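Please arrange chain B on chain U, whose structure you already have, making use of the hints.
Protein chains: 2
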Amino acid sequence: MQLLNGKALAGTIRNEIREEVGQLISKGQRPPKLVAVLVGSDGPSQTYVGAKEKDCTEVGFDSEVLHLSEDISEAELLNTVEQLNEDAGVDGFIVQLPLPSHMNDQRILEAIRADKDVDGFHPENVGKMALGLQGFVPATPAGIVELLKRHQIDTEGKLCVVIGRSSIVGMPMALLMGKNAQPGNCTVVQTHSRTKDLKGICAQADILIAALGRPRFVGEEMVKEGAVVIDVGISRIEDPARKSGFRLVGDVDFEAVAQKCSYITPVPGGVGPMTRTALLQNTLQAYYRHQEK
Amino acid sequence: MQLLNGKALAGTIRNEIREEVGQLISKGQRPPKLVAVLVGSDGPSQTYVGAKEKDCTEVGFDSEVLHLSEDISEAELLNTVEQLNEDAGVDGFIVQLPLPSHMNDQRILEAIRADKDVDGFHPENVGKMALGLQGFVPATPAGIVELLKRHQIDTEGKLCVVIGRSSIVGMPMALLMGKNAQPGNCTVVQTHSRTKDLKGICAQADILIAALGRPRFVGEEMVKEGAVVIDVGISRIEDPARKSGFRLVGDVDFEAVAQKCSYITPVPGGVGPMTRTALLQNTLQAYYRHQEK
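Just so you know, the protein sequences line up as chains U and B, in that order. Going letter by letter, the first sequence gives residues 1 to 293 in my numbering. Going letter by letter, the second sequence gives residues 1001 to 1293 in my numbering.
It cannot be assumed that every hint is accurate.
[As the list claims (entries may be wrong)] Using 27 angstroms as the maximum straight-line C-alpha spacing, the simulated DSS-like pairs for lysine-lysine come out as follows:
1) U:K196 x B:K1196
2) U:K199 x B:K1196
3) U:K224 x B:K1027
Worth flagging that the hints you see were computed from the coordinates, not collected in a lab. Fair warning: this is a prediction, and the values are worked out from it, not measured in the lab.
If we strip away everything but chain U, and leave its shape as in the complex, we get (with noise of 0.2 angstroms):
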């Protein structure tokens, strides 16, 4: 078994952006740049913006946050995110979600230009990604696909399960794993909440991709000797023995089926990293389009 390491390959990448920006920066261009609004105090919200921010200095680019408070109108909010449409200056940025419940998340998204939006959450990006056209992937199957390429792990003829149907991880996972190109070429079958005999079905996986939210799901029975096996959940789980009280756990459970597989991810350590370095290569691409036009 060979674990994929996403926390080592997503340093490794960090590394290649950041020194692509400072030869962006020794030629005299300006570095690209991402902005995060943040509206309200909900507290992993913020954590993870944090975490883009400081993403973002490490590799160069300029960041920005905007905290916005919780009780702006949508219209104000749509407001900000017309301006930043409008400028030149900012090559991507997000909304972090979830937003107060008095907005309306669908419209906000839409309303972010479709060339900014570095989430690829955009129906126009989420069609592209589906018609194989140059657009935006969202960060976690964009960074799956990274880590899959640079392990060079063959996926042609594959039969990739895709365990969740979620906007932004299932669905186009079994997209991207499906299409004509290297990753892809998988026969892929979809699975959700309503499959029937999905152990069985998991069970015949040459790719296993686990994106349900259910820690510890994915038992030694689920998998095919010599597997790949990505796993995308993040729960906490209690574990006295621990100082803090917790552990994190993915879907999968490491341990049993770590014996069985040929390629793993690690949780913490896998996906994770790869969802963070993905918004920078999707900034990174950004620029550069905006740079072309």
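Same frame as chain U, but now just chain B:
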């Protein structure tokens, strides 16, 4: 075995639409309007556009075909698209493909305003379909979903195998059959030219959708007893017994498979008429959405 008679159902739906349009007109409202843009004089394209015009007339829609010369520039065509985008009297329009080789099909399709793109080919509509948002679904997959729905075929939890991953049939079909809806909620297997053991996979399907474009490819040995079989293909094969010298067949070996399955679409008279009718349904939806604004 029960025949999924698309021709008969399409007739029923067109009657429903005609009645609805009659009521609109009796209330003093204008009928829906579909415009088809035809560039050049490609034979099959003229036939398709002619059929669409005829369908519109049958249900009481206004319709118009803009015949443009093969020699016009891409800029001129984009100008026509822009005029149709702005014309409040046009609910939906299509640009018949293929376009002459000096034009970029994708650029033209993306210029069509998404709320008038009744073909459902614009990335924004493809993305909305993937995300389960209201948009326009391409006519063939939309027609198949309608066919399953009107025959009250239970799809939830069924294994649906889709052969083919084209942008206009296979890929959207897989998305629609897998989403949380009825019809929908299938466990979907998306297969294609790189799939290994295609026969074995198809033989497990509760619902088999053949959209690969190879005459009579799906034989009896690829179909499970009692499966629902949807045949999207339509090819001419030589048939000296016919006066015309040819006959139309699908991707399924109908005579052999019909013995074994629970439901099957004939070719012709199955998916084809439903596809034509789906375009009318999309146009009617476009009309109502424009009225709401």
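(request) Against the earlier hints, flag every one the structure doesn't satisfy and list their numbers going up. (result) 3
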